[in-house]
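Listed below, chain by chain, are the residues.
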Amino acid sequence: MIAHGPGGHGGPGGPARPAPRPAVRGFGGGGFGGMQLPAQKSKDVNKTLRQLLQRLRPEWMPIAVSAALALAYVALSVIGPKIIGNATNVIFNGVIGRSLPAGLTKAQAVAQLRAHGKGQIADLVSGANVVPGQGIDFTTLGQILVLAALVYVFASLFQWVLAYIMAGVAQRTVFGLRRDVEDKLARLPLKYFDSHPHGDLLSRVTNDIDNITTTLQQGLSQLLTSMLTIVGVLAIMVWISPLLAVVALVTVPLSIVVTLLIARRSQTQFAAQWARTGDLNGHVEQMHTGHALVQVFGHRRKAMEDFNQQNQALYEASFRAQFLSGIIFPAMAFLGNVNYVVIAAVGGFRVATGTMTLGDVQAFIQYSRQFTMPITQLASQLNLLQSGLASAERVFEFLDAEEEVPDAATVSSPLAGEGQGGGSVALEHVSFRYEPEKPLITDFNLEARPGQTIAIVGPTGAGKTTIVNLLMRFYEIDAGRICLDGIDAADLRREDVRRVFGMVLQDTWLFTGTIRDNIAYGKIGASKEEILAAARAAHVDQFVRTLPDGYETVLNDDASNISAGQKQLLTIARAFLADPTILILDEATSSVDTRTEVLIQQAMARLRQGRTSFVIAHRLSTIRNADSIVVMDQGRIVEQGTHDELLRRHGFYYTLYNSQFTDALAEAS
Amino acid sequence: MRGLLRLLLTFLRPYRGPVAVVVVLVLAQSIANLYLPNLNADIINNGVSKGDIGYIWRTGGLMLALAVVVGVLAIVAVWFSSRASMGLGRDVRRAVFARVQEFSAREMNRFGTPSLITRNTNDVQQVQLFVQLALSILVTAPIMLVGGIILAIREDVTLSSILVVILPLMVAVIGTLMYFAIPLFQSLQVKIDRINQVLREQITGVRVIRAFNRTPYERDRFETANEDLTGTGLRVNRIFALALPSLLLIMNLSSVAVVWFGGHLIDSGQMPVGNLIAFLAYILQIMFAVMMAVMMAIFIPRAAASATRLEEVLNTQPSIAEPANPVEPARLTGTAEFRKVTFGYPGGEAPVLRELSFELRPGETTAVIGGTGSGKTTLLNLIPRFFDVTAGAVLVNGVDVREQALEGLWSTIGLVPQQAYLFRGTIADNLRFGNREATEAELWHALEVAQARDFVVALPEKLDAPVDQGGTNLSGGQRQRLAIARAVVKQPRLYLLDDCFSALDAGTDARLRTALKQEASDATVVIVAQRVSTILHADRIVVLDAGRIVGIGNHRELLSSTDAYREIVESQLGEEAVA
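Top line first, the protein sequences correspond to chains A and B. The first sequence begins at 2 in our numbering and counts up by one. The second sequence begins at 557 in our numbering and counts up by one.
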């Protein structure tokens, strides 16, 4: 093989490049530095939020319970340090008490200390709950610690139940969302699929939904507890010591400003890093894919030079991004340390002067830590929420897309259908256009009687598939009617129209599954014998037998484990099994090896026997034997008639025929 | 794991300096961080308990200075660790790219292009991310752990024995969670892939699904996948819901225990009060370090897998080597000759080509036809020495290709591969790919030969019209014609056209061949084709079947002499063509 297919994209509908995903997921608190996508922003936050809440409505009970649990959990975890602080006080008081002579009252002891000129200690003792001469009160200490243990056990219990419930809420909500998305896919008109890049569509129904899951799973409950914690800690700090609370809070705006300042700069650097990564990956992809070309066309040195230049640019951008985002943590740690020092010093001073207990200082140190953590987390959580909302908006946009017009279905019974003859198709005064300003088909008439063959010819890109789209009712015609055995197709259910048709296209769509399942796709509940008969008729049987797993061979993602020709044969077998009255065939032109092509032709010919056929034709024999030829050019039907009629007319077909077919034939004979 | 270590040792060598600085800085920073609670204990023991307010302020000032030092050290450390990790990423990326550039088709086939692209991009990124994390967390955690334990023991030996209970407990809890969660995470990924695959198939196969009325069937398939995924997602997240609460509980209950036992020690006069508070701070730091280290362990397997994949590339030597003493052909006429050429892929049972002998001469067009797997493309690939023959020899310009300098050999060849790959840039960029000095007139001339002039003229930007990566913004036929024009611009002595007319309609195909014949009147042309109409004109047709030549001659001769050929013609042009 000289060249290698463009890796990872191609296929119908253009490039489907998966959107890049963050490397780390699922482990809470996003952002280990790595590659951070600049957060996408949603266009209409309010609307998206409303739609999201609407979806969460059936879960209001568990959500309400979760909110209550979050409140309880935060309350308990905020009280915890205060209780431990009280325990510390008991110990400290015991130490001080022991150092004082026994038998005195506290007032006497204080007076004695002042008399000895130890004013500082006297202040300390007077502010504390001390019994002179008595050591640590272990009964009280024990009681306090049991209480603390209970508080912590319940805090953790609530936290766990909260996460447990929210996991259910998130998973159920996303389950429903996914189901609705899939449901939507089935109700969208073909037009939607043809006019939206498949890559974008895929990314909405896969990556965006994954992103919403992450947001619901981690974002919501964390955001809630973070905010509650901030409020709770703030309240208790003010309660213990308004002065120290003010001291501790001074650093808060400072840390917010510092975070914002650094984050804004690093955001632009991350965007640059992302762009450079895209450039470089593009270059790598191209040079590796076009490896043989790069070599033979003497392009290696240039490829290396370009690579080095882009690699260096990426290095510089990612260094800056890494450094800038990397200093957020030390900066926060520094502010945290300053906080710690100030509280330790000011608190120590207050304890020494008897205006505060040691346990409260200790509790305060913990609170200031508990306070700065959720603030720094809040930034990344809001980021997560923002990108989740952007994804939700894209998914809701998809869910709001216009749907196929519902079936009118005035005729309740399906067509004559299987085994009862029939198969006449009449297009009467049909008009159609894809875009309102570009008329394609106007007042078109065509009749195919049962068993006839209609050839559709025209140069590449002439829009031959338009006919397929209209016959199958993939698109609705604008005027006129298409009658199947005398019944207007518009009066039938789409399902019933399509049941009449069998389709073998060049774009051989197979799904991941066994060969047997892929053939069985043609008929619901087909028996083993029927499948085998269809496989034999389509020459599938002979090559399947050479495969080690036979009919149980699993076709992989892009069905690359069988050849293009074999895929075509499989689709023919599928059509055999469906046993339609009318056929739509696309003769192969692409690289199918010559031996297989003979088989394909034989199989197609057999399939056509006794059925009305519309053939997108490339072969002289098919065209000349057709009962009618539809000639297309630039999306439009330009001529129509039998081979002889059209030749006599000296029109487009005449030119086309002369340039394309006679040449080959003349030389061949 | 060993592969990761080897890779890091090799590529971190140039960054020994920065890495050493980072380690020293982190060490200093950790010691300073651990010293802070110690100073806090001093404030309580010597300042608060004794009422020495001056001492409180002095020590407070010292702590503040220490905090400044810690902050500065940390920022300097981030500077050096970013330099080292990003530099390593850059170097590995370059090494992999350079190696792949040297690969021959054999290595390209062995790895597969998509895999090489992933290795060169994602895998490098994984390793880079790992180094970056390792230089911060994996270096800090052990230092904090060991330092914390030492200082805790220094505060009080008896109380430190509590660590003997806490640490194994934490490791056990985290280990148990990981034991259950990691396989579930893997199966979760598989299920996400599965549901995405079903949706992808529903989108790409929408016509077939509707044509066969299989929407309900697809819905069932999706529903099963969706329920499966939701079930696993629920289990994973419920297990993970336990992680944080249980770790916090261990931490908090440890504090409670420390206060209780510490109280007894203080009461018996074995420990000052301030030490208790410092001890609490150390315990927290130790547990935090353990948690971080264990969490980081998640990244090791991923980075190790990537490192192994990168090593595979870096340790692979290209199978096609430049000759030590290249021979330069006397004249570049464009001749090529196969002398009893046999070729088999390594590990393949039967040779793909057997004992082929024929000559390709300037001014002649030779076509190669035959079924899939008959070895057509392989035959073509032997001429630019993408592979080496197993036996026999391929000569270009009269010299064995194995004795020629590769760049020299390639400079005479114009290749048009089966998949017409174009590069991102403009049309002119693509045409000048093999000849950067080509004038605009030469480009237009080549476009005319390739029957591409009309559509390029119709583009608003003409030659400067943008081309997307792979040429995806152009139709298959347009891509093929531009790929042919690209070869024409190079003015090669030897054209290799590998089934590159498949997307053209018969008329364009015919006009193109006529124009090319004129353009390349004194060059050698080899065409591989599936379509008989493409090769009717050829001066000589080589019919391959299962790696052997079953017939050589022109169309008329072969019709009467070779059954395999007649069969092909009959199937494509109808019986009257053979008659």
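Hints are not guaranteed to be accurate.
Short, incomplete list of chain B residues facing chain A, as computed with Cβ under 7 Å [to be verified]:
(1) L620
(2) A623
(3) V625
(4) I631
(5) V634
(6) R650
(7) F653
(8) V762
(9) N782
(10) D784
(11) N808
(12) W816
(13) F817
(14) Q826
(15) S967
Have a look at the derived ranges for each label pair, beta carbon to beta carbon [stated by the list, open to error]:
(16) A:L262 to B:T982: 52 to 60 Å
(17) B:R1009 to A:D201: 48 to 56 Å
(18) B:R1009 to A:Q55: 33 to 41 Å
(19) A:A65 to B:R562: 54 to 62 Å
(20) A:L50 to B:E996: 39 to 47 Å
(21) B:P739 to A:D181: 25 to 33 Å
(22) A:Q313 to B:D944: 54 to 62 Å
(23) A:D45 to B:F1011: 49 to 57 Å
(24) A:R434 to B:E868: 54 to 62 Å
(25) B:F1011 to A:P437: 50 to 58 Å
(26) A:A314 to B:R887: 42 to 50 Å
The hints are simulated quantities; they were obtained by calculation from the structure and are not laboratory data. Values in this document were obtained by computation on a predicted structure and should not be read as measured data. We put the beta carbon where it would ideally sit given N, CA and C, even for glycine.
Structure versus earlier hints - violations, ascending order: Of the numbered hints, 3, 10, 13, 14, 16, 17, 18, 20, 22, 23 and 25 do not hold.
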